[in-house]
Every structure is written in C-alpha cells, then in structure tokens.
Amino acid sequence: MTRRNVSRFLLVWLCVTWGAVVVRCDSFPLTWAPMYSAWEPHEVTSNRVVEKAVYMRGMQVTRRDGSTDHLGARELNIERSHIYRIYYQRTFHQEPVGWEHASKNLGSFNRRLRGLAEGEVPDPDTEFRLFRSLNKTFGLGPDDPGFVVRIQAGYDVLYRRFDDVAKVWRDRREADLRWDESWRERW
Amino acid sequence: MKRIWDRFWFTGFSVESLATLRICFGIGLLFFDVTQFYTFFRLDPRGPHFYFMEPVWYFELLGIERQHPVLANAGFALLELATLGMILGWRTRLSIGVQILLIFYLQGARDSVTGDQHHRYLVPIQMLFFLLLSKCGQAYSIDARRNPALAAAGRAVPEWQASWPIKAMQVYCASFYFWSVLAKLRVTGWVWFSDPRRIQDLLLSRSLIWGATDAGEPVFNPLPYWLMQQETLSRILGLSTFVMEAGFPLILFMPSPRARLIFLLGVAFFHVANTVLAYVGFALFPIVFFIFFDLEKVRRSLAGRFWSAVR
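Keeping their order, the protein sequence lines are chains A and B. The opening residue of the first sequence carries number 32 in the working numbering; numbering runs sequentially from there. The opening residue of the second sequence carries number 908 in the working numbering; numbering runs sequentially from there.
Just so you know, these hints were derived from the structure itself, not from any lab. Check each hint, because a few of them may be wrong.
To be verified - Mimicking EDC-like on lysine to aspartate or glutamate, the simulated pairs with C-alpha atoms at most 16 Å apart in a straight line are:
| id | chain 1 | residue 1 | chain 2 | residue 2 |
| --- | --- | --- | --- | --- |
| 1 | B | 1042 | B | 1066 |
| 2 | B | 1074 | B | 913 |
| 3 | B | 1074 | B | 1201 |
| 4 | A | 198 | B | 1121 |
| 5 | A | 83 | A | 110 |
| 6 | A | 198 | B | 1124 |
| 7 | A | 135 | A | 110 |
| 8 | A | 198 | A | 74 |
| 9 | A | 167 | B | 972 |
Unchecked claim - Here are the simulated distance ranges between beta carbons:
| id | chain 1 | residue 1 | chain 2 | residue 2 | range |
| --- | --- | --- | --- | --- | --- |
| 10 | A | 192 | B | 1098 | 16 to 22 Å |
| 11 | A | 147 | B | 1173 | 18 to 24 Å |
| 12 | A | 174 | B | 948 | 45 to 51 Å |
Quick reminder that beta carbons are idealized off the backbone N, C-alpha and C, glycines included.
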C-alpha cells in the first residue's frame, strides 16, 4: 500500500471504530466499551446467597410425562460460570448485561435506529431461549415425553443498607417457569 | 494538518520494532489465551453439545448453534500453536490469520452459551489485525532466515511502513479506555464516578460470589468486603477510575518512555486489583501495553548492558 492509501485506510478505520461508539454497537470486534457501565443509585442493596452445590446441580425441571429431575453443569455439559448465569440470572429473567447496555438511556438517534418508541425496551426473550436451549441440547421436541415443560429454581437474598452493612435481612426468591404452547410456532 | 498527521502515524518505529512487538505480544498471548479458554478442558468430550441460548452475531449468521467440546479444545490447541508460529515468525501471516479466526470461534463458543459477551479480546484482536497487515514477519523470524529475499526486503522497510500499524494499535487501545468513560457517562451519568455506592455495590456483590455466612459476610476473600465499608476509599476508587480512563489518550503524546511506563504500571495495577477484588478477568490484559514502547530500543539497551556486564 502507498502512504496515501494507508492514510485513506486509517481514516476509514477510524470512522468505523468511532461509528460503532456513536451507535452503541457492541458486536465483536466492534465495541463502545460499555463494561460495568450500567448502575442505578439505590439505598438498599440486595445480593443473592450463592451456593455452589445448588447451582451446579441445576434447575429442577418437570418433563411432559410428569417426571422431575435436575439439569445442571454436568448434564448440560457447560462450565461453572455458565450454569451460574443460567441458574441465578436467566431463570430469574435477568438477561445478559449487554441488553441493558444496549437499551439504557438511549438517545433519540439510537432509539430510532433500533425502531424503539420512547420508554420501550427490547424484549430479550429469555424464557423461550432457556426452554429452547435445555430441550434442544438433548434433541427434544415439544411432543417428546421428556420435553421440559417447567423449570424451577430458588435462592436466598440478603438485603442491607450501605450505611449499615452488618445489619442484614433475608428473603427468598423462587422462579417457576412454564412452557407456553404458543411457542411451538417458533420452535 | 497533513504534516501533523504524517508525523503522528508514520514516524517512530522500525521493522525490528514491529518484529520484537510480535514476539513479546505473542509470548503474552500464549498465557492470555490460556486464561480465557482453559475452561473448555472441563467439558466432557463425549457429553451433550449445549444448544446456545444467545449465539453471537457471526454464529447466528453462519448457523453455528451448539458448543462442541472436542472442536473447542482442538481449536484452543491450534490457537496456541498458531501463536507460537507467530512468535517464531514461521509462516507469520498465516499464523496470525489462523489466530484471528480461532479467537473468533473460541470467543463465540464461550460467549454464546448464555449470551454474556466479554470484552477482553477487543484490543488483542485489533493488534493481531494490524500485525497481519504489517511487515512484522520480515525480521527476527524463521521466514526471513529461510528466505534471504524476504530478509533483504525487511531491511528496506521504510520507517513509515513500520510505524503506522503500531500507531494504529496505540490509538485503538487508548480509545478503548476513553470509550469506557463515555459509556459510563452515557448509560449511568456522572453519578457512576461520584457516588461511592457504585464501587461499594460492585465490591459487595463480587465479595459474595462464592457464598455468604449467616451474618451475610463472604465465605472467601474478605478484602473486597472490608474495602466496600470504607466510603472514602470507594469514592477515591471511583474518581481514580475516571482519571485513568479519561486521561489514557494522553499517553499518545507522552514523549518520555519512563512517564509512559509509570502510567501503564498504574493501569496494570488497576487491572490486577480488579481481578483480586472483583474477579474481573483483565489481569493479563496489560500484555497489550507493549505497543507503547519501541521494543527494539529496549532490546538493544538490554543487550548492550548484558554484554558490558559479561565483559
């Protein structure tokens, strides 16, 4: 490449990388570096009580034939951090953090670009995706007797105020997800 | 304007600088890759192939829907070999190209499981891209040793051709940190830096990631839990994050290598501290900071000192 062409190339490259920042594009290898950027001020903080044995064993699932068992890291053949996210986050409708980065405090330009109305947030479709992954991993279709139709999980939550962290109170959170037969069309 | 542009992009480095960068960065990558992809070893090669919850965009495009443990481990082994190939300068361009493809695949296989995208390879992949475009294989390489014509061409590489890829890497790295400040301001606002509860929240949640006692204290690593109770320290940490990220682009205009080194050691400390306190896996990310130094000058200086000590 000649020096002039390198300059042109660099200009295009700068436009592409900075363009990704302007439109809040976070699709590898483009980014706007939003790591850990989402946070809301609050007085009371809540933290789940993590129990490795519980999340590694996984969610309790009920199959179409009525039988129940657990699907965890070993059964799904995924590593620890993934089953952690599935158990504590996806089962409780907590989408990947990228969804929040992509939709929080969007300017009007980026809202228009994504076809979102004021106040509208994109639907991450977490529940359907979870049922789809758990079933398709084992090649199960909606009519199979082993098809997972219900997913249950639970954990304790610790609450405390920032100005008195030693004083904690507990609560319990339970997730109980049911297969929606209308999802068959999207299967 | 043109003179400033040319002076910034096209001066400062030689083909040997590029080659030493290729070697040092490659050695760092060998370890960095392990920290990113070692978890594939834990998968059962005969177990089920997990159906991705949220595939990355290029997996969606290519129709890749499942995690294949054998493929992932083979890809990881090949990635290490390709990295070794780049370090040695053996079929340099091919080695770098293979690395880029494998990083795309392995990162996709890891991040598509639950859809949580990690940002650790963004700067390394840009560096590999510019090394691919550069003439970094024309010096200190097996390719150049085997092919005298290539070695001669390497010796004739002008300064401008050797400089722009390294400058582009520097600009990208500095921009990456700066974008991070912009993102925090756009998503959350100045309160991200000014309110100590942001840092306290992060430290508390991460301190409890391994579990909690009945009293709500962490069962492992009490340091972040202790730190989150220090409001002033948490405030300082938030503000220093702003200073570091917003001020990072200044490194592009620091003429003194010593000043750059001190600044980057501070940033490296920040990453290591983040790993220890908040389990943010950027501890080996500072391998990219090689780009801010002319490593050929460092090599000559070290070699000179070594030989004078020997004599």
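Restraint status (C-alpha distance of residue 1042 of chain B to residue 1066 of chain B at most 16 Å): Judged against 16 Å, a Cα distance of about 11 Å means the pair holds.
Does the alpha-carbon distance linking residue 83 of chain A and residue 110 of chain A stay inside the 16 Å limit? Judged against 16 Å, a Cα distance of about 12 Å means the pair holds.
Quick one, are residue 198 of chain A and residue 1121 of chain B close enough, alpha carbons at most 16 Å? holds, 11 Å
Look at the Cβ atoms of residue 147 of chain A and residue 1173 of chain B and judge whether their distance stays inside 18 to 24 Å. violated, 40 Å
Would the pair residue 135 of chain A and residue 110 of chain A pass a check requiring their Cα atoms to be no farther apart than 16 Å? violated, 30 Å
Sort out whether residue 74 of chain A lies within 16 Å of residue 198 of chain A, counting only the CA atoms. Cα-Cα ~14 Å, so holds.
Could one say that the CB atoms of residue 174 of chain A and residue 948 of chain B fall in the range 45 to 51 Å? violated, 37 Å
Need the status of pair residue 198 of chain A, residue 1124 of chain B: alpha-carbon distance at most 16 Å? Within the cut-off at roughly 11 Å; holds.
A range of 16 to 22 Å was offered for this pair. Does it hold for the Cβ distance of residue 192 of chain A and residue 1098 of chain B? Between residue 192 of chain A and residue 1098 of chain B, where Cβ atoms are some 18 Å apart, the hint holds.
Is residue 167 of chain A close enough to residue 972 of chain B, meaning Cα to Cα at most 16 Å? holds, 10 Å
Compare the distance between the alpha carbons of residue 1074 of chain B and residue 1201 of chain B with 16 Å, and conclude whether the hinted pair is satisfied. Measuring from Cα to Cα gives roughly 11 Å; hence the hint holds.
Would the pair residue 1074 of chain B and residue 913 of chain B pass a check requiring their Cα atoms to be no farther apart than 16 Å? Holds - the C-alpha atoms of residue 913 of chain B and residue 1074 of chain B are around 11 Å apart, at most 16 Å.
When the structure is compared with the earlier hints, violations turn up for hints 7, 11, 12 and for no others.
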